[in-house]
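*Asks:* First to last, the protein sequences are chains V and E. According to UniProt numbering, the first sequence is numbered sequentially starting from 1. According to UniProt numbering, the second sequence is numbered sequentially starting from 1.
Treat the hints loosely; a few may be bogus.
[Stated by the list, open to error] Negatives, chain V to chain E, calculated, CB over 12 Å:
| id | residue |
| --- | --- |
| 1 | Glu154 |
| 2 | Gly185 |
| 3 | Phe211 |
| 4 | Ala249 |
| 5 | Glu457 |
| 6 | Thr559 |
| 7 | Asn632 |
| 8 | Ala669 |
| 9 | Gln742 |
[Stated by the list, open to error] Some chain V residues judged to face chain E by a derived CB distance under 10 Å, without partners named:
| id | residue |
| --- | --- |
| 10 | Leu339 |
| 11 | Lys341 |
| 12 | Glu456 |
| 13 | Lys515 |
| 14 | Leu649 |
| 15 | Cys740 |
None of these hints come from the bench; they were simulated from the model. Keep in mind that this is a model prediction, so the values were computed, not measured. Glycine included, C-beta positions come from ideal geometry on N, C-alpha and C.
Residue strings, one per chain:
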Amino acid sequence: MLRFEHIRQLSTIHVLERSKLGCKLGSFSEDGVGKVPALIGSFMRHLTSKSSTDASVRKISKVLVANRGEIAIRIMRAAKQLGLRTVAVFSTADRNALHTRYADEAVCIGPPLSTQSYLNIQSILRAVKETGADAVHPGYGFLSEHVDFAEALEREGVKFVGPNTKAIRAMGDKIESKRIAKRAGVFIIDGYIGEINSDKQAFEVAKEIGFPVMVKASAGGGGKGMRVASNEKELIEAFRICKSEAESAFGDSRLLIEKYIVKPRHIEIQILADEHGNVVYFPERECSVQRRNQKVIEEAPSPLLDPVTRQKMGEQAVALAKEVGYTSAGTVEYLVSGLDKSFHFLEMNTRLQVEHPITEAITGIDLAQSMFRIAAGEKLHIRQEDISIVGSAIECRIYAENPYSNFLPSVGNIRCYKEPTLEHLKPLSLSLGDRLERLEHLNFNSHGVRVDAGVEEGLDIPIFYDPLISKLVAFGENRNDALHRMANALDEYVIDGDRLIHNVPFCRAVISNPKFISGDITTNLIKEEWPNGFRGVALSKDQNYQAISATAMLYFRDTSYTSAVVKVDNHQEQQFLVRKVDETTLSFQPIPLDWNGVVPEQAIEELVSSSYFKTSILGGGRVELINIETHNKLGVIQVKRLGNSRLDLVASYRVTCFGAKFDVCLRPAHVAVLEKFMKRTDAASQSKILKAPMPGTVRSINVKEKDSVSEGQEVAVLEAMKMQNVLRAPSSGTVKRVFCSQGEILSLDQPLVEIE
Amino acid sequence: MSRNAFHNTFVCLLSCSRPVRSFLRPCGFSTSSSFFNQEPKITNAAQAEKEYGVKLRNKFLEKYQDVVERAGVTDPKAAARQHERGKLTARERLQVLLDPGTFREYDSLVTHRCEQFGMQDNRISGDGVVTGHGKINGRHVCVFAQDFLVVGGTLSQTHAQKICKVLDRAVDAGVPVIGLNDSGGARIQEGVDALAGYAEVFKRNVLTSGVVPQISVIMGPCAGGAVYSPALTDFVFMVNETSHMFLTGPDVVRSVTQEQVTQEELGGASIHTSRSGVAHVLSNNDIEALSQVRTLISYLPSSWRDIAPTFRPVETDSPTREDPFLDRIVPADPNSPYDMHQVIYRIVDSGEFFEIHKHFAPNILVGFSRMNGQTVGIVGNNPASLAGVLDINASVKAARFVRFCDAFSIPIITFVDVPGFLPGTAQEYGGIIRHGAKLLYAYAEATVPKITVITRKAYGGAYCVMSSKQLRGDTNYAWPSAEVAVMGAKGAVGIIFRGLTEEQLQKQVEDYEREFLSPMVSARRGYIDEIIRPSTTRKRICEDLVLLANKDESTVREATPQKKHGNIPL
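Looking at chain V on its own, in the form it has when it is part of the complex (with noise of 0.2 Å):
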């Protein structure tokens, strides 16, 4: 119950936020002041003109965004350019969200649930009434490919900012969507479907689909009754074997055949169509590297494509949309072959994605502006021909993920946020002309990194959504140079907080792995990288004593000792003499865990001078982000203080920097001699009671008490966040008690079993 001075109190603190907000998100208060108004003024010239000469063109004043976090904002920033005003709605758990206070009004439209609140289309029409805004902006996900959604915004009256209903419908059905990709004369993927009885007729399938292709079971799944064959006598094995495996596996011999395609690429176009019949298509983007069947890495331009394979891949997707009669924003998803470039039509996604800023950052060209101009039914206002490439950009999504537990979603308080700068780098080159002024439009800063964000401190990540955190984009003169900004902007990006995990780690992993920087990568990437689940990153040597150098010169400012023994947690076999030779220089020496205060012989490991160093506070203090340059290489160290004190004699920080993170304990060298002496709290001897990894329910308890279990047994499954998780034994024991039954809801840390 929020009450009456409560309320009035909060209304004039965000007032004072929300033109805050408005500097901080870049394009539409003081510094966007010289261009918006000049924006405004040609779009509502162009409707005004327009609408007393064509009868398609229609006002749109107030739109209301059905969706939250970054999206929403997203799309609230660009309704604002174009001098909208704009409407939020929230769940009771986003009540203090971001994108509530970045619009103009904010309604309420249910409880958390999803299902009750942003898939809700009644309480969502309830909110476009009650607010009187005359069109509605989907966003990504809930509702955007949703017909009754689209078709009851209609019957109000009410602007849907996307495609058609025909479109959405006929887009929607996977094979009612191939059949009018063939008739618009898309490549689809060839195959046979339908029984093959003799490896004849297998062989004449074959022949007329082209090898290589895959023969599998029609029942199959999981891999069983696959196999892949690239001449009529690995056909014939093939379709033999897999006839017997599928028998035995599913009971169901039937086999089917079609094209394999090999090294698989996820590539995509986008087009945009208007009302009046105008198609155009956008460079592509790739988005191969997946993770459970979701992109986390885009990039566009795709360094497989040439213009030529392009350009056919954009006339087929704009021959698509002219065959559906589509209009708005959409996307033509292909799977391509590494090896040959090939590309067969796969799906269209009708809304606006996820990755679009890089297809607006290597364009310019504003697709969520455009949008709202198609839906005022204005007529496109680019031809195909002003669409060109300039540069390169990357795109990471940033999840509140586990990538060490198979990206298992993570929730929490983000205790501290801090989106990167990247003003340690050069600025973009002047050489870009007016791409720049494009750029900062687009909300890129000076030095190429966008971030389009849903958080800031102090706001849960709730547990009923998509557990997105923000989408981090960097542009680049080219390739490498994209390469090198996304590296450091995700150095420098700080999201702490209590139990909350997310993958910026793993972005990192993949931004420097050299199958990604080469190019050459497929959509098994990530099961060919970390076939074993990703287990974080390990440093070379520089990069590890950059680490060290920037913990210890925070212990020597802040303790005035100028000298430490400095322990790092994932170093087992040694720890590290360090000693302040002067101001910018570090000796380090490497030393036993168990020292007994004797200086090896051995000289110096090695002198490390850093030549930059500067450090920022952030999160009211116990973090702090170090820019360092050692050796002429520049790092970006993130180092939180563990301990209560700065003063503390026995420091510890946790450091993360180049997608690695570890602790980082240190002491000065009469005090660590004596350490050995000291028990170590034995993590294994601690109880061994199984606990909530998340808030959730438990779907089943696997176990009862007495019962014997061995390490890695399934004991519980919990489901959190729509995913069903399964809890695995810590160790081999009996059950001493188990904590909790089917179908209750556990929050964090709560126990479930306990094991003797």
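Since the structure of chain V is provided, determine the placement of chain E on it from the hints.
*Replies:* Below, chain E alone, put in the same frame as chain V:
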């Protein structure tokens, strides 16, 4: 000496780190020698004389060489026994606690006077306790460390005399005193002499109380009467698993009450830091405990006449820093919790908060921080634990802390989010009235600058207790989310309007909420000085501390009627 002069002295002392540097630098690149050989280690009389260039008379040396050389040195074989237990020796502990090379030992040649039960053949110089003074971050402290390797660290008459000497020295010099306890108890061979020794120590603990900060670190057994010395000191640290405190051990407990209990369950560090509240800080091992003591000392003034040393925050943590995080920290739902630690971290310098009694009565937080470099005592109700309610333990915990701050001129900053006192027979029978009164007394009595911020609830008697304006609060702020009232709206309306229908009641509830559940009423009456934006809290408090720095406590005291001392409801 004026206050300011003191102030400057201690700023200098703290920032002066020369001894540390000069110790470490000369051996910077020596490769084969021990890292510590160059330390001017003055651990016994013989070395001391050597250091200061005074030649010993040959005759003396001939006669006592053996004794002098053994004094002030720990037998390596005995040391190994201590190490096996995961403990350091008394001298190693002092090595960690004090700045390198600053320890000066006294009474290293003292021996006991017992002539019975074979003790006459077992005289070890120092008699089981190492005493002296040294420096922490360049500031003097007096120390004593009981040596478990000498007659079990038991307390004899002479052992007690050594401790008394250090306590007297601390009072005379006006420096804190730190005791490292690791003792088997009274030396039973000495009988009543040992008991008399304890009583002498206790008396000095009492007389020293409020003069200089007294800190005890329990690093081994501490049983029987011995426990009262630490209990009388200001802060007690305990080391997990290796330290125990109890009046009667498990054997006696079993024979008297038939209760089966282990040492750890009876008086282990985790029990005393979480359930009994006897100890204030829990550490995992000796080094961590001593490191924590050093940190605590950095917040404290050397004596009641001094003010705490100023430690400037790193330039970037400006006293004018605003933190929008605070505008969002209080949840919209008045019944959902938030962690008051987060409020504190965001307001104080660099998020540094040295928490006292972290595991005991977590519904109230107390500890030390700095604001614009100046030490402050922080008290805060924590809604994340028991809704931040005041109960017996919370009242006692905070009352003692407030009195410590008042005794040593440390300004008190109070963050209030308290729904009231905890109801129930357990609390009433336990004497919550008596214990709650302690906190009330402590706040009302305190004359140091008192700044209060009501972040959310301030209900009923608990509102009065938590450093309200009427208890001589200097500055009282409220956040817009504050609710100051006698009780929650439902309860209040139920009493005022009996017999109304549900609907009518609901309307009255809304009226009551509008009227009282906001800081407006209090602000109109001047009970709170201003409603402030949460993000500006740090700035406001830093400004107030500057303003109140010259608050003349003697004027405040003059306003208090003359008396010998008050009678706090103990």
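*Asks:* Next, verify each hint and record whether it holds.
*Replies:* Hints, verified against the model:
Distance check on Glu154 (chain V): its Cβ is at least 35 Å (rounded) from any Cβ of chain E, clearing the 12 Å threshold; non-interface status holds. Residue-level check passed: Gly185 (chain V) sits 54 Å from the nearest beta carbon of chain E, beyond 12 Å. Phe211 (chain V), annotated as away from the interface, keeps every beta carbon of chain E farther than 12 Å; the closest lies near 61 Å. Distance to chain E confirms Ala249 (chain V) as a non-interface residue, since its nearest Cβ pair spans about 52 Å, more than 12 Å.
Not every C-beta of chain E lies more than 12 Å from that of Glu457 (chain V), the closest at about 5 Å, which undercuts listing it as non-interface. Chain E draws Thr559 (chain V) into its interface by the beta-carbon criterion, the shortest separation being 8 Å against a cut-off of 12 Å. Once the 12 Å rule is applied to beta carbons, Asn632 (chain V) is consistent with being away from chain E; the minimum gap is 25 Å. A beta-carbon of chain E is positioned within 12 Å of the beta-carbon of Ala669 (chain V); the least distance is around 5 Å.
At roughly 27 Å, the least C-beta separation between Gln742 (chain V) and chain E is larger than 12 Å, which holds for a residue marked as non-interface. Hint status for Leu339 (chain V): violated, given a least beta-carbon distance of 52 Å to chain E, over 10 Å. Interface restraint check: Lys341 (chain V) against chain E, minimum CB-CB distance 50 Å, threshold 10 Å, status violated. Taken as an interface hint, Glu456 (chain V) checks out: its beta carbon lies about 8 Å from the nearest beta carbon of chain E, inside 10 Å.
Of the supplied interface hints, the one on Lys515 (chain V) is violated, with its beta-carbon coming no nearer than about 40 Å to a beta-carbon of chain E, more than 10 Å. Using the Cβ-Cβ criterion of 10 Å, the hint placing Leu649 (chain V) at the interface with chain E is satisfied: the shortest such distance is roughly 4 Å. Interface hint at Cys740 (chain V): violated, since its Cβ lies 22 Å from the closest Cβ of chain E, which is beyond the 10 Å cut-off.
Checked against the numbered hints above, the structure breaks hints 5, 6, 8, 10, 11, 13, 15 and satisfies the rest.
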